[in-house]
Every structure is written in structure tokens, then in C-alpha cells.
Amino acid sequence: MSFTLKNIISIKDFSKKDINEILKSAESLEAVARSKEKSDSLTGKILGMMFYEPSTRTRLSFETAMKRLNGGVIGFAETGASSVTKGENLADTARMVAEYADALVIRHDLEGAARYVSDMVDVPVINAGDGAGQHPTQTLLDLFTMQRIMGKIKGLKVALIGDLKYGRTVHSLSYALGMYGVKMSFVSPDELKMPPGIVHDLNQNNVVAQETSDINEVLDEVDVLYVTRIQKERFPDPEEYSRIKGAYRIDYDLIKGKDLIVMHPLPKMDEIAHEVDHTPYGKYFEQAFYGVPVRMAILESLIKSF
Amino acid sequence: MSFTLKNIISIKDFSKKDINEILKSAESLEAVARSKEKSDSLTGKILGMMFYEPSTRTRLSFETAMKRLNGGVIGFAETGASSVTKGENLADTARMVAEYADALVIRHDLEGAARYVSDMVDVPVINAGDGAGQHPTQTLLDLFTMQRIMGKIKGLKVALIGDLKYGRTVHSLSYALGMYGVKMSFVSPDELKMPPGIVHDLNQNNVVAQETSDINEVLDEVDVLYVTRIQKERFPDPEEYSRIKGAYRIDYDLIKGKDLIVMHPLPKMDEIAHEVDHTPYGKYFEQAFYGVPVRMAILESLIKSF
Amino acid sequence: MSFTLKNIISIKDFSKKDINEILKSAESLEAVARSKEKSDSLTGKILGMMFYEPSTRTRLSFETAMKRLNGGVIGFAETGASSVTKGENLADTARMVAEYADALVIRHDLEGAARYVSDMVDVPVINAGDGAGQHPTQTLLDLFTMQRIMGKIKGLKVALIGDLKYGRTVHSLSYALGMYGVKMSFVSPDELKMPPGIVHDLNQNNVVAQETSDINEVLDEVDVLYVTRIQKERFPDPEEYSRIKGAYRIDYDLIKGKDLIVMHPLPKMDEIAHEVDHTPYGKYFEQAFYGVPVRMAILESLIKSF
Numbered sequence: 005m006s007f008t009l010k011n012i013i014s015i016k017d018f019s020k021k022d023i024n025e026i027l028k029s030a031e032s033l034e035a036v037a038r039s040k041e042k043s044d045s046l047t048g049k050i051l052g053m054m055f056y057e058p059s060t061r062t063r064l065s066f067e068t069a070m071k072r073l074n075g076g077v078i079g080f081a082e083t084g085a086s087s088v089t090k091g092e093n094l095a096d097t098a099r100m101v102a103e104y105a106d107a108l109v110i111r112h113d114l115e116g117a118a119r120y121v122s123d124m125v126d127v128p129v130i131n132a133g134d135g136a137g138q139h140p141t142q143t144l145l146d147l148f149t150m151q152r153i154m155g156k157i158k159g160l161k162v163a164l165i166g167d168l169k170y171g172r173t174v175h176s177l178s179y180a181l182g183m184y185g186v187k188m189s190f191v192s193p194d195e196l197k198m199p200p201g202i203v204h205d206l207n208q209n210n211v212v213a214q215e216t217s218d219i220n221e222v223l224d225e226v227d228v229l230y231v232t233r234i235q236k237e238r239f240p241d242p243e244e245y246s247r248i249k250g251a252y253r254i255d256y257d258l259i260k261g262k263d264l265i266v267m268h269p270l271p272k273m274d275e276i277a278h279e280v281d282h283t284p285y286g287k288y289f290e291q292a293f294y295g296v297p298v299r300m301a302i303l304e305s306l307i308k309s310f
Numbered sequence: 005m006s007f008t009l010k011n012i013i014s015i016k017d018f019s020k021k022d023i024n025e026i027l028k029s030a031e032s033l034e035a036v037a038r039s040k041e042k043s044d045s046l047t048g049k050i051l052g053m054m055f056y057e058p059s060t061r062t063r064l065s066f067e068t069a070m071k072r073l074n075g076g077v078i079g080f081a082e083t084g085a086s087s088v089t090k091g092e093n094l095a096d097t098a099r100m101v102a103e104y105a106d107a108l109v110i111r112h113d114l115e116g117a118a119r120y121v122s123d124m125v126d127v128p129v130i131n132a133g134d135g136a137g138q139h140p141t142q143t144l145l146d147l148f149t150m151q152r153i154m155g156k157i158k159g160l161k162v163a164l165i166g167d168l169k170y171g172r173t174v175h176s177l178s179y180a181l182g183m184y185g186v187k188m189s190f191v192s193p194d195e196l197k198m199p200p201g202i203v204h205d206l207n208q209n210n211v212v213a214q215e216t217s218d219i220n221e222v223l224d225e226v227d228v229l230y231v232t233r234i235q236k237e238r239f240p241d242p243e244e245y246s247r248i249k250g251a252y253r254i255d256y257d258l259i260k261g262k263d264l265i266v267m268h269p270l271p272k273m274d275e276i277a278h279e280v281d282h283t284p285y286g287k288y289f290e291q292a293f294y295g296v297p298v299r300m301a302i303l304e305s306l307i308k309s310f
Numbered sequence: 005m006s007f008t009l010k011n012i013i014s015i016k017d018f019s020k021k022d023i024n025e026i027l028k029s030a031e032s033l034e035a036v037a038r039s040k041e042k043s044d045s046l047t048g049k050i051l052g053m054m055f056y057e058p059s060t061r062t063r064l065s066f067e068t069a070m071k072r073l074n075g076g077v078i079g080f081a082e083t084g085a086s087s088v089t090k091g092e093n094l095a096d097t098a099r100m101v102a103e104y105a106d107a108l109v110i111r112h113d114l115e116g117a118a119r120y121v122s123d124m125v126d127v128p129v130i131n132a133g134d135g136a137g138q139h140p141t142q143t144l145l146d147l148f149t150m151q152r153i154m155g156k157i158k159g160l161k162v163a164l165i166g167d168l169k170y171g172r173t174v175h176s177l178s179y180a181l182g183m184y185g186v187k188m189s190f191v192s193p194d195e196l197k198m199p200p201g202i203v204h205d206l207n208q209n210n211v212v213a214q215e216t217s218d219i220n221e222v223l224d225e226v227d228v229l230y231v232t233r234i235q236k237e238r239f240p241d242p243e244e245y246s247r248i249k250g251a252y253r254i255d256y257d258l259i260k261g262k263d264l265i266v267m268h269p270l271p272k273m274d275e276i277a278h279e280v281d282h283t284p285y286g287k288y289f290e291q292a293f294y295g296v297p298v299r300m301a302i303l304e305s306l307i308k309s310f
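Residue numbers (the numbering used here), protein chains in the order written: chain A, 5 to 310; chain B, 5 to 310; chain C, 5 to 310.
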């Protein structure tokens, strides 16, 4: 692989060629991720997990990725059982784990934490979510899911739905989709529109997205509905919250007969009706699976093998 | 192995032939469990552990079983550090972990949770205890312990002692022992007798157990004392609790000179005197060990190797 | 290796020959610890970790040591998710984990816990810190650090600085350094002097250490400043604490131009200025790394390979 990034901090650090390299490598690792082939490419290697915030999905898929490649994992899943409770600062903890591991994965509640850590240690650092900031491996697995299920990314029509204001996932994803010439729609209540700064950035790169608050405007034309959760905390008025939540809920009646798939970064609450899980529309668990080969590709690219 | 169950949910799903297959396979894996031989039968395979209730013994013996076979383990040991705290439902969490793993082990406080999960996912599911329900691998290791230490199961005389009303372990075990024509005694205070439904079920299968509240009635004739804990919460009156607890406590004076062994699913509190630990009577730690080859046998039977 | 200790409980159990064996073996394992070479010396072996107190550094370096040698790890990192919460006693928990593992590592808040456990189980036991007691693998890695960085231990001049009264680390270390004929200085506030019992023990072995409360007295002559934290809880008067803390703080101005290194068992708070981290003086992260080859050497010596 000719991929050359040392750290995985933000999707903005990636060229389209970098992304393509990861997706290509992920595809070649899919049989290992599905446990249909064995690999020992990371035998004797150690991944250090520093999760200052809990995250089952991201943590477990990194662990599976590492272990399917025959590597080992150390670290902490939350900060209770770590020396963090003894008041050690982030830099010292990271430098310590870096002495024991060949790469670090960090999730932290503060934006910029992963970049800061990458400046402090010699081993590669992977950002697994830093507060309102970036979560680049999520974006890569979203792209990989589209490519594997739809056969391509370029030329797709993708609607991002729900909380586009605070949703870290959709910010990174819109940026990456723009690189591929995807036609995007941003579907959200007025209170939760995509931030003007991001829209401006996209426009600078000649990416124009349709913005609407009515999901029905996009249903007939999109290939992918990318749904995110609308959080109660965003609304002072509970009735307003209930009304809006209902207007962006995906159920079978809404999508039946349409030619589209439904994606979601998970965990989902009730923004997608359970009945959708068991239809060919619901692709979010398959999407979760695709996190494994994508993270395998990243780990293989960052950790020098014997 | 000709064992054909896809999931391990309840001992009632097992035929006697199924149980014999597991016990036979466990015996052949004992040298690996004792770390006297190596195995790589599950290289590259991942076991997903979903422990909604803490359980050191069951969790660690499954982990050792998987790792001695060169497989990997992911999951959560309690629900604090998982996305469960974000309100994700059980089905979604299970479907997610199933995307990363080749089999799931689940412990949950609600009866029926494991069966429900097995309907939701494509990978095999092992019930590691669901509330007042089943804990089939405990029963299998109890049987294996008797076979290995006593040389047989059929024809043994086994007394189940203590809390027979609420004890999940003794319910499953009595059912399985009935299949082997074991002569059983149920020894408990009146308040904690074996539930009539279970006694009725056993009778339907031509299994008759002696019931008594006096432990002295069985001591001279049994081969195995299977002791369980009597929990304080079962008694509104603390003095009544103390009196009853004392009457079912096993100490050296009670059993010395008898030809029997003492088993216990652990953890034990003071229902067995510490002095018994260091005598040939106390077999509960050896019993804990036998959980490893039994769980190895189950994992090998459920997870398709390369 | 001709090392013959069965358990690693206290540095006082070691002969100088024992220590030299471990250091020599650690040196040969350094390439594996740095992930420059592979090893499968502990394939199929399991290390059982019983951490009744959290400890990121010690726990993770043991895990890395075991995994770099291709072994597996089970256990608990704190007592919340274990059956300890169900009231099981230490001996029973240890005997249970010993049924699943080839060696135990225990950290406990009670002095003597590791020795007690070693009497209860058949597998080797490693003390990873027992309250105010011993932490022998820390001492061994401290010695290894000096040998690797300074090229020798014998003949060095080492100042132990800070809380010498309650600091478990410095008690064990002073004993071991005495065995090597190291010239020691004990630098502490009067309230936190090395306990007379330890000084007496050292004197019995013809080891004499200079005692002072003024760090400036030693700076020109020592090779190693071994710094420990002064804890606020030791001082009833916050102003007294602030004054003393300041007097023992190591910053760049204090040491620049001197021919010495700074060590620390970590985690450090503000007893060493951050600026020192990025100078050649600060060797504490390298010191943390040396815990890996030292623990590898211990694990290889205790766990019988196939």
C-alpha cells in the first residue's frame, strides 16, 4: 500500500488517493474480517486503546480488527480503572502507553486531544472521536459501506438526515462525499441545520448540497438515507422535540417501494422503526461490520510488520 | 464431534447424546486446559462477551477456554463502559457485537434474554446465565466434574443442598441428573424447597427425588454433596436466617469418615467451613477448573474452524 | 536461566545472583519488547491479573509483556466487575483464577496479600504492589533502567528524593541498591525521612546513606536523581505542604549543566517540571518502557513453557 499518513486524526488530512488506498486495502481484508481466511500480519504487535469516553462499537471493532490480524490489545475502556484517576495528565498517560504499544487509538471528550497526543508520542495515533471534532475511521467505513453495497461512491445521491448541527459524523462525511462528487441533500429541522461554516467550506470546493427540512422532498431521488439521532437535549420544549423527532423518523411505510438503503452510525434509538431492521433497506449492521476491514486496513498501514 | 446444537441456551435443549458428546470432547481437551498441550484450533476466531451482570468465574473461564485454543475475546464485563449506557436496546447491541465475533456469550439479569438474542443474530449464542433462568454450561461442568472425579455419572447418589427454590444452578442440574438415572436427594429448609413445577417435571420423566430438611438423613448414603448458598434476603427474620444457615453448613466434623465429595458452584460464603477447602472432600476449585475444558468443547463445537 | 524463585513477592527474597539473572534475561528480550523481533515463548499460556487497586502502568506493562511473548491475559482491573462484589474472600478468588491461569499477578491494598495468596495456590504469584509493602518488579525495572542507561549499577551515586517515609518504591529500591554497593543519598523533608528501621537494616548490611533535607547538597555529585511524589495528605497544614513541595521540585534550572539523569516511578504530578520531559535528563518514560523486558524475563522464568 502506498498510503503514507503517519497518524489518522482528521478526514481533512486525507487526499482522495489516500482514501482510495484504504478502501482498496479494506476490500482485500474482508475475508479475514469475516473470519473466512486467517492472517498473522500483526503477530506480536500491540494496539494501545485509550478510551476516555465509553464507546462499545468503535472499541470492539478496533479490537476485532487487531485480533483477526493476530495482534494484541491493551488499554482502558473508561477512566475509572486507570491511573487517570490519580490525576495524571493526558500527555503523560499517552507517552506511557506509547512505551508499551505499536500504535494508539484515542477517544476523548475534548476536541483536539488526538492531534495533541500525536505530537507527544513517536508511535502512530488514531483518532476514535474527539468531542465535537473528528472521527475519521467512521467516515472511512461509511464510504466503504457505500462502495461495497452500491458498487460505487461517485455519482451516488446521499441524503444526510437529522441533527446536522451537532453531529460529528455528518460533518466529516459531507466533506469526504464532496471529494467524490456525491450529490448531497441536507435534511434537518431548521434548529439543527448544517453549520454555515461547513456549507461554506463545501462550496469553496465546488460542492453544493440541497438543504431542506422536508424528508419527502428527497425520498424519490436518493440512493442512501444517512440517518442520525436528534437528541432531546437540543430542545428546551419537550413537545417541540416530540414533533420534530416524529417528522424525521424512518419507518417502513415511508421508504417502501423506494430504491434506496438506510445507513446509521449507531447506536440508534427510535429514529428508525424496528421493522426496518428486518428489511433489505436497513444496512446499519452491515455498515458496523465494514468498520472491521476498514480498521484492519488502517492498522496494517500504520503498524510496521516484521 | 457429531454435536449439532447451534446455540447453548438451556440444558433442556440437550439430548443425553448431546451432553455425552460435550463431555467426551471436554475430556480430550483437558490437557490443553491444563496447559500441558498447545492448540490453535480457534486461531483468528473471536468470542464476543456480553456481560450485563458481573461474573468473574464464568467470564474468566470462557476467556481462558478461548485463549488456550488461540482465539481472541472482545466484549464488556459490565455495562458501565459500553454503549448500553447510551440507551441502546439489547437486540441492537447483540447484532452489533455479532458483526465482530464468531460466537456470543451473554449473561443478563432477565430470563429469556439469551434465547431472544439467539433469534436476533446469525452467530451461535451461549447463555451464561439469564436471571432466574438457565446457566447450561454450569450444568455441563457439574456433570463433567462428577464424571472425572467419580468416574461416572449414572448410578451416583447426589444430594442438592441449600436454597433449592431460587437456585438457578440446582434446577438445571436436577433435570440433567435425572437424564442419567442419578438418585437425587433435595435437602433444604421448608421455605426453600425445590419448586413443585420442577419436581412435577422430574416425576413426568420417572425421576423421583427424596425430599428432606435434615442433612443427616443423606450423609451416609450420598456420593456427592452439591451445596448452594442460602441468601439472607430470603428471610424477613435475621434470627430465623441464622438458625437455618447454621443447619445447612458443611464443616469437617459433619463429613469426616464419609465416602463423599463436596461440590459448590462458587462463589461460596460461609456455607462451607474453610477447613474443608484443604481436605480431599472439597472439590469445588477442581470443579471450577473443569469449566475450562467443558467451555473449550462448546466453543469448538459452535465455532467453525478454518 | 538458572533463576529459581517460584514467586516474586519481595525484593528481599532475591539474591544478587537472582537479580542479575533477571536483568540479563531482560536485556536479551529487549528487541522483542521493542517489537523488533517476534517471540512465541508463551503461546497458549495465560496470565491471571487480580488488580484490587487500579494501576494503569503496572497492569498494561504486564499485559504487553505477556502478549509480546504470544501469551494471553485474563482477570480484572478493578473490583467493580468481579465477583469480589459478591463478598468472595481473597483466597477463594485467587484459587479460582489459579485454576484458569499459569501465573497470577496481584495488586492489593493490604500489605502481605501477595504472600498470603502465594501460600493458597499452586501457580506462581507475582506481587504488583501490596499496600505499604513491596512492589518488586518496580525495583527490578529501576535497576534495569540504571544498567541500560548508565551502563552499570555498581559504583553509581543515586539520590532518592521526596517522600521517603511512605514511598513503597524507595524502600525496596534502597535495599536493592545496597546490594550493588551504590552510594545513596536520602533527600527529604524531616517529616518524610526514610524510616529508621530501613536505615538500620541497611546499616546492618554495611550500607550507609547520606541523609539531608537540602537537594542542593547532592546535585553536583549524583548520577541519578530518583524522584517521588510528596502527597498533600501527609501535611495537616496546606501552606507547609506548598512550601515543602516547592523545595523538592525538579526543574530545568536546577539540573542544567549537571551530569545526571532523572528517574520517577510515575505517575508524576508537578514534582518534575514539564520542561524536563523534553530534555535528555528526563528518563522516566524510557524507565516505564524497561518494565516490559523486565516483566517478560520474570514471566518467562516463572511460567514453564511447552
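Hints are computed from structural coordinates only; laboratory data are not their basis. Among these hints, one or two may not hold up.
Which copy is meant is left open, because identical chains are indistinguishable; a pair holds if it fits in one copy or across any two.
Lysine-lysine pairs mimicking PhoX-like chemistry, simulated, CA-CA at most 20 angstroms apart [stated by the list, open to error]:
| no. | residue 1 | residue 2 |
| --- | --- | --- |
| 1 | 40 | 10 |
| 2 | 40 | 308 |
| 3 | 42 | 308 |
| 4 | 156 | 28 |
Structure-based check of all given hints:
Proximity of residue 40 and residue 10 under a CA criterion of 20 angstroms is satisfied inter-copy only: 19 angstroms between copies versus 30 angstroms inside one chain copy. In the homo-oligomer, the alpha carbons of residue 40 and residue 308 lie at most 20 angstroms apart only across protomers (10 angstroms), although the nearest pairing inside one protomer, at 24 angstroms, exceeds that limit. When the C-alpha separation of residue 42 and residue 308 is checked against a cutoff of 20 angstroms, the pair qualifies both within a copy, at 19 angstroms, and between copies, at 13 angstroms. In this homomeric assembly, residue 156 and residue 28 come within 20 angstroms of each other (Cα to Cα) only inside a single copy, at 12 angstroms, whereas the closest approach across copies is 51 angstroms.
Checked against the numbered hints given earlier, this structure breaks none of them.
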